[in-house]
Amino acid sequence: QIHEDNVHRGPAQIYPAIRTAIHCAMMKANPVLYEPYQKVIINVPYEYMGPVSREISQRRGQLLDMKQEGEVMTIIAKAPVAEMFGFAGAIRSATSGRALWSTEHAGFERVPQELAVQIIRQIRQRKGLDPNPPTEKDICPQF
Numbered sequence: 034q035i036h037e038d039n040v041h042r043g044p045a046q047i048y049p050a051i052r053t054a055i056h057c058a059m060m061k062a063n064p065v066l067y068e069p070y071q072k073v074i075i076n077v078p079y080e081y082m083g084p085v086s087r088e089i090s091q092r093r094g095q096l097l098d099m100k101q102e103g104e105v106m107t108i109i110a111k112a113p114v115a116e117m118f119g120f121a122g123a124i125r126s127a128t129s130g131r132a133l134w135s136t137e138h139a140g141f142e143r144v145p146q147e148l149a150v151q152i153i154r155q156i157r158q159r160k161g162l163d164p165n166p167p168t169e170k171d172i173c174p175q176f
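Counting from 34, one number per residue, gives the positions in the sequence shown under this note's numbering.
Treat the hints with caution; some may be incorrect.
Said to hold, decoys possible - Per label pair, the in silico range of CB-to-CB distance: (1) 118 - 59: 26 to 34 Å; (2) 173 - 107: 48 to 56 Å; (3) 149 - 170: 16 to 24 Å.
Rather than coming from a laboratory, the hints here were simulated on the basis of the structure.
Here a beta-carbon is modelled for each residue, glycine too, at the ideal position from N, C-alpha and C.
With these hints in hand, go ahead and build the complete structure from the sequences.
See below:
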């Protein structure tokens, strides 16, 4: 119940009143998870093209373009930021330190559903919550 006199009405009454409605609206909208992507530009000698392509593919990356300029291949790819941790060491190992690479932000893309479920469970466990997120019926039983 919200008090009819606005002098006695404040955030302590308003927030609980709208919290359930906002949670229900979010659950009814079928929420999805997005993740940031990086564009990766790699300059590498031609003979290391295979190991570099393999390294990108193992990180859920996609090759966008490949150009050859003399003995040097320029590989342009994109990959999720979460998968790029440890990339510097891996690319150095794969190319014997002969790769030059840079990254730039490439936007956000939807996480595949089966992976989203796994990520949400990991985050909830890390925060000490029940690994199974509440369903629409749990949050909005009256609607």
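Checked hints:
1. 118 - 59: 26 to 34 Å: holds (29 Å)
2. 173 - 107: 48 to 56 Å: holds (52 Å)
3. 149 - 170: 16 to 24 Å: holds (20 Å)
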